[in-house]
Amino acid sequence: MNIIELDHQLFLFINGFVGNSAFIDNIARSVVNDYFVPTLLSLILLGAWFYWDDSKRRDVNQKSVVVSILAVGFASLVIVSLMNYFFDRPRPFDVLETNLLFYKPTDPSFPSNSTVVAFSLATSAFLANKKVGIIALILSAFYGLTRIFVGVHFPLDVLTGAIIGILAVFVLSRFQFFLMRIVLIVRKVLKILNLKEFA
Amino acid sequence: MDISLVAEYLVLTFISSFSAIQIVSSIKDKGQILILKNGNLTIFLSIILILLSYGWFFTIRDRNTQTYMEGAQIAAIFVLGAFISMVLTKIAKKIYEHN
Chain A
592 MNIIELDHQL FLFINGFVGN SAFIDNIARS VVNDYFVPTL LSLILLGAWF
642 YWDDSKRRDV NQKSVVVSIL AVGFASLVIV SLMNYFFDRP RPFDVLETNL
692 LFYKPTDPSF PSNSTVVAFS LATSAFLANK KVGIIALILS AFYGLTRIFV
742 GVHFPLDVLT GAIIGILAVF VLSRFQFFLM RIVLIVRKVL KILNLKEFA
Chain B
1415 MDISLVAEYL VLTFISSFSA IQIVSSIKDK GQILILKNGN LTIFLSIILI
1465 LLSYGWFFTI RDRNTQTYME GAQIAAIFVL GAFISMVLTK IAKKIYEHN
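These protein sequence lines are chains A and B, in that order.
Quick note: the first sequence, position 198, residue 789 per the numbering used here, numbers continuous.
Quick note: the second sequence, position 47, residue 1461 per the numbering used here, numbers continuous.
If the Cβ cut is set under 8 Å, some of the chain B residues that face chain A in the computed set are: (1) Y1423; (2) A1434; (3) K1442; (4) T1479; (5) A1486; (6) I1488; (7) A1496; (8) K1504.
The hints are simulated quantities; they were obtained by calculation from the structure and are not laboratory data.
Don't be surprised by glycine CBs; every beta carbon is placed ideally from N, CA and C.
The task is simple: from the sequences and hints, build the whole structure.
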């Protein structure tokens, strides 16, 4: 059995649970869309911008917020677009008999862009605060799982998306000087706009 | 792009951002941006506001449909909502102090 066949088998196993419980189906339907989890993770990062007692923690947290924005942009717009160009993988519902609980996306399946975004945000939250970050990573993993459950992604799409999101944050977080410069610019803009309390 | 969808998401991000800022301000005792003096009441009301805004956003229409709104556009709306919440937090704080 090659990796694609294994991926198909794993997908069929997870997607096979659809219809067993109306409650679980409804939870998945509520969480799987493009808004629920990404907005929640963005709110956590917005909180991180203000969640500090001293200037050192302030710099760390605010750099994490900047990393999250850059990572989402870089990973989602550059890396995923390039991978979509080279690997035009069809969606599960195009090649297998699927229990579909979501609309049929028209873009390639590999990698999962939603998972890239979620893991970029969650990993950035982890850099700001380990405890909150772990909760955010669990939430992102659940989000990825629901994308498989509802029938729009294969497990390999989600796993690759998670790896891309995590790596993008760790690579970009190496550029500390550059990140600090952006943080200082944002603080300056907030002061110019008479919002220095939020800087 | 569906303008009503943008407006709905902007309302969600504005209310939830405003609430998130109040929760953190209360925990970290940031009096400059904390509107109510009672910290526990602030956290309670903010959580209620977040739940209500989420409940409203996800019940007024089916969100599991294709909208052609890109991730970057969604992120831009979130940033705008967060910015508006900062401005209105400042205004609300001034009004509250004035009274």
